[in-house]
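Heads up: the protein sequence lines correspond to chains F and Z, in order. In terms of our numbering, the first sequence opens at residue 24 and continues consecutively. In terms of our numbering, the second sequence opens at residue 41 and continues consecutively.
These are calculated hints, taken from the structure and not from any lab test. In this text, all values refer to a predicted model and were calculated from it rather than measured experimentally. One thing to keep in mind: the hints can contain errors.
[As the list claims (entries may be wrong)] In silico EDC-like links for lysine to aspartate or glutamate, alpha-carbon gap of 20 Å or less:
1) K122(F) - E106(Z)
2) K122(F) - E98(Z)
3) K80(Z) - D68(Z)
4) K122(F) - D102(Z)
5) K174(F) - D130(Z)
6) K122(F) - D109(Z)
[To be verified] Pair ranges (Cβ atoms, derived):
7) Q113(Z) - P190(F): 53 to 61 Å
8) K187(F) - D68(Z): 41 to 49 Å
9) K167(F) - V70(Z): 45 to 53 Å
10) L189(F) - R74(Z): 42 to 50 Å
Note that the Cβ used here is the ideal one computed from N, Cα and C, for glycine as well.
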Amino acid sequence: MLRFLVPFALFVALIIFFAIGLNRDPREIPSPLINQAAPAFTLQQLQAPAKQFSPADMRGQVWLLNVWASWCVSCRDEHPVLVDLAKRNLVPIVGLNYKDQRPDALQWLAQFGNPYVLSVTDFDGRIGIDYGVYGVPETYVIDKQGVIRMKHIGPVTPQVLQDKILPKVRELSK
Amino acid sequence: MTRILLGMFFLSLTAFAQAVEAPPTAQDPVLEARLNNLAKELRCLVCQNETLADSHAELALDLRREIRDKMRQGLSDAQIKEYLTQRYGDFVLYRPPVKSTTWLLWFGPFLLLIAAIAGLAYFLKRRRRVLEEIPLSAEEAARLKSLLHSENEQA
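Based on the provided sequences and hints, a complete structural model is requested.
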């Protein structure tokens, strides 16, 4: 009996490992920045280059930092979701315009709508590196004390917003 | 004749095209060699199975630029790795550090090896017991003898 049970048990264990392993998204790399202070920066604003923005300006409120670019294809998928979120006035979204060109970025916002309270320009991608950005779009949930509480890699879908981001925002807003 | 000349002219233009693509940082071969050595130990986040040294992804170029800057500022290789893991996690290192979460990764194969050797030893021991020597009966011994004998004659 044991002769058959042992290989069978090993086989089942292997299947379970495969089932878990293959259902994981290898592109999703856990960020070491979760529960760390959001890296500081001072950057020009996209629409008003004379003005600057730094994360410290958002102290006291929960906010989203959304990394986007006009060249990024999946940003187009998530954009309507963000525009819709902005209309609901639940949480301010700051855009980090990553490795883009100002005219392209401005035209993109004019064409698809602007869900951001403001966007900052990270044209050489240095701030993106500080935030561990490796695949645009990425979205960070930052709390009132300026600590990163969540990171979402890839486009924000209505489902991700409903199940992941908004519950976190609600929890942090308390 | 003019066609050949024109052709030669256009061909000569490709030399310029290549000259433009040459990396602008080749001025410091020592630093580039150090960068290359370090980049071989680091994973490109975009193409995941390529090193930072091999990858042509935009992010890899940026990270190489960043590493180059850090080297110029006098940071050691260890400090640069630290800088990158703070941002991207241990995943950027091709050689993961030994710590409690990676014990299984580092020692798992040896555990499997030990388990396999133990299993094999157990199996062999059991088989020896099964294959215990059973002495031949007188009849069998006689038959064996005659068989061996006839075999010898044929040869």
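| Ascending list of hint numbers which this structure does not respect | 7
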